[in-house]
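For the sequence shown, the residue numbers in the numbering used here are 120 to 424.
None of these hints come from the bench; they were simulated from the model.
Among the hints, erroneous ones may be present.
Stated by the list, open to error - Pairs of lysine to aspartate or glutamate residues, derived as EDC-like cross-links and limited to a Cα-Cα distance of at most 20 Å, are as follows:
id, residue 1, residue 2
1, Lys139, Asp400
2, Lys183, Asp400
3, Lys132, Asp160
4, Lys332, Glu304
5, Lys289, Glu348
6, Lys139, Asp127
7, Lys121, Asp160
8, Lys292, Asp280
9, Lys326, Asp347
10, Lys359, Glu348
11, Lys148, Asp135
12, Lys289, Asp324
13, Lys183, Asp199
14, Lys326, Glu290
15, Lys148, Asp172
16, Lys139, Asp154
17, Lys332, Glu318
18, Lys132, Glu143
19, Lys183, Glu220
20, Lys359, Asp329
21, Lys359, Glu318
22, Lys292, Asp324
23, Lys183, Glu138
24, Lys356, Glu378
25, Lys332, Glu301
26, Lys332, Asp300
27, Lys359, Asp324
28, Lys359, Asp347
29, Lys332, Asp400
30, Lys359, Glu371
Small disclaimer: the values here were computed from a predicted structure and weren't measured.
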Amino acid sequence: MKKVLVFDGISQKAIDYLEKNHFEVVTNKQSTVQDITENTDIEAMILMMYPIDNHVFSRLPQLKIIARYGVGYDNVNLADASAHHVIVTNAPGANATAVAETAIMHMLMAGRYFYQQNQSINDNAMTIPMGQEVSHKTVGIIGFGAIGQRVDALLTGFDVDVLAYARHEKEVKNGRMATLDEIYEQSDFIVLALPATPETMNLIDAKVFDKMKDSAVLVNIARGAVVDEQALISALKSGKIAGAGLDVVTNEPVTPDNELLSLPNVFVTPHVAASSREAFDSVGLVTAQEVVRVLNGQEAKFQVN
């Protein structure tokens, strides 16, 4: 019976689907290299965030597929995977609604300083700046895949003007496609929904912050790597931008000494955008389906390498 390694706590729907298709499911925490490689006869892996490179691939000679449990796959070295003839897949769109809802929440929390208002209940000395509404504003969305398009759809009731950037022309429900500079210069809110790749590393840097409105709010529900964190901190401290809502930071998990947590115009959540019951089950089923396809000799739907 073919073995599939999954992580502790994976959606039961994923396990049920794998077992229904006659695969043996092996579970562990996936927190150490020993966890990842102790079952040298696995042929598939449903992976969370542990980094995978040649060191791992060389110890798993029968591995045929790594199915990333989510959209991002920057923790897998794709070149090493291809060199070992391992297919890498992700689950685009499976958690789009959960992540898009988180983006809207961050726009509201960071735009209106609601978290700081909550903190002021126990600290009467706090001075909270006056926030801004999302309604009737210009919203830039950088990265217009399933998540970016869902953000656009959810913003319909806010009567906003959306400026969207993607590599390919797409329909924008509440606005139009735009250049990056148009988004930087015109947007009141900028939502980052693009993958972390060598090309997008530190895309949002000091030069970009100089182009933004002083009243702009940056929302990142993508990956911490797409923002130059020190440049972001400087922009927030100097008032170059008004605020930021962040579900991701450069080094995760976010630690209490991260300076972003101490700034009065930032709202941070610990990379939980995709954490909903619905998204967890949906992603689990998509990844399990990819494993079954590949191990049965079929073509993967969402291969990324």
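Here is how each hint holds up against the structure:
no. : hint            : verdict
1   : Lys139 x Asp400 : holds, 16 Å
2   : Lys183 x Asp400 : violated, 23 Å
3   : Lys132 x Asp160 : violated, 24 Å
4   : Lys332 x Glu304 : holds, 6 Å
5   : Lys289 x Glu348 : violated, 30 Å
6   : Lys139 x Asp127 : holds, 19 Å
7   : Lys121 x Asp160 : holds, 8 Å
8   : Lys292 x Asp280 : holds, 9 Å
9   : Lys326 x Asp347 : holds, 10 Å
10  : Lys359 x Glu348 : holds, 14 Å
11  : Lys148 x Asp135 : holds, 19 Å
12  : Lys289 x Asp324 : violated, 26 Å
13  : Lys183 x Asp199 : holds, 13 Å
14  : Lys326 x Glu290 : violated, 29 Å
15  : Lys148 x Asp172 : holds, 18 Å
16  : Lys139 x Asp154 : violated, 25 Å
17  : Lys332 x Glu318 : violated, 25 Å
18  : Lys132 x Glu143 : holds, 15 Å
19  : Lys183 x Glu220 : violated, 34 Å
20  : Lys359 x Asp329 : holds, 7 Å
21  : Lys359 x Glu318 : violated, 25 Å
22  : Lys292 x Asp324 : violated, 29 Å
23  : Lys183 x Glu138 : holds, 18 Å
24  : Lys356 x Glu378 : holds, 10 Å
25  : Lys332 x Glu301 : holds, 12 Å
26  : Lys332 x Asp300 : holds, 12 Å
27  : Lys359 x Asp324 : holds, 12 Å
28  : Lys359 x Asp347 : holds, 15 Å
29  : Lys332 x Asp400 : violated, 40 Å
30  : Lys359 x Glu371 : violated, 25 Å
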